[in-house]
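> For reference, the chains in residue letters:
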Amino acid sequence: GAVVSQHPSWVICKSGTSVKIECRSLDFQATTMFWYRQFPKQSLMLMATSNEGSKATYEQGVEKDKFLINHASLTLSTLTVTSAHPEDSSFYICSARVGHPVYEQYFGPGTRLTVT
Amino acid sequence: AQSVTQLDSHVSVSEGTPVLLRCNYSSSYSPSLFWYVQHPNKGLQLLLKYTSAATLVKGINGFEAEFKKSETSFHLTKPSAHMSDAAEYFCVVSFPLFGGYNKLIFGAGTRLAVHP
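Protein sequence lines, in the order shown, are assigned to chains L and G. For what it's worth, the numbering used here labels the leading residue of the first sequence as 1, then goes sequentially. For what it's worth, the numbering used here labels the leading residue of the second sequence as 1, then goes sequentially.
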């Protein structure tokens, strides 16, 4: 099946620094990738939709200048958390869409970000 | 408006007994429905999906779900629970957006505990 990887799986950074998270589709090309955020014991909340070669579409309430998304190729999307603060600590999960006409999303294993 | 309601936040069963995780949805369109499982600190794995074909959908690991339009339900069942089934389960509805894209709406999740 379709495999999505994320790197790193776990990162700790200091407040005020930036962190980049990579999402890769390993055995397929994905024109659309999604970034989700999950707080402890809560469901996934869509942050943004990333389309290859174009600007990401952010959900309401998500700061586009803080969460920079780049989808430079059909197999790679990156999420950069800029000027991180402790409240940005969370589990970030990406997914890639495949299939037609009904799409499925395959999810990466997630990245746990802790900001100290 | 599209929404998903998982009726139980926690379900506890004994190993070898049946599992029932309840999900109701609201959708203005004919929905596609999914069940995903998430083990601790892991990404999401697709268990099964409904895409307007057979109303009884069989998935991996012995799980199945029945789409009941009259009840707007998509409950997940398994005849006999295994210790490895302990995880968080998400019911998800997919609906189409303009331009051929679709969007996933996640339920709040049901934590399944399996006792020996």
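Hints may contain errors.
Here are the simulated PhoX-like cross-link-like pairs (lysine-lysine), alpha carbons at most 25 Å apart as the crow flies [unchecked claim]:
hint	chain 1	residue 1	chain 2	residue 2
1	G	K69	L	K41
2	L	K64	L	K14
3	L	K55	L	K20
4	L	K41	G	K103
5	L	K55	L	K14
6	G	K68	G	K103
7	G	K42	L	K20
8	G	K68	G	K42
9	L	K14	L	K66
10	G	K49	L	K41
11	L	K55	L	K66
12	G	K49	G	K103
13	G	K49	G	K68
14	L	K55	G	K42
15	L	K20	L	K64
16	L	K20	L	K66
17	L	K64	G	K103
18	G	K68	G	K58
19	G	K58	G	K69
20	G	K103	L	K66
21	G	K103	L	K14
22	G	K42	G	K103
23	G	K58	G	K103
Keep in mind the hints are simulated off the structure, nothing from the lab. Only a predicted model underlies this, so the values are computations on that prediction, with no experimental measurement involved.
> Are there hints from earlier that the structure breaks, and if so, what are their numbers?
1, 5, 8, 14 and 21
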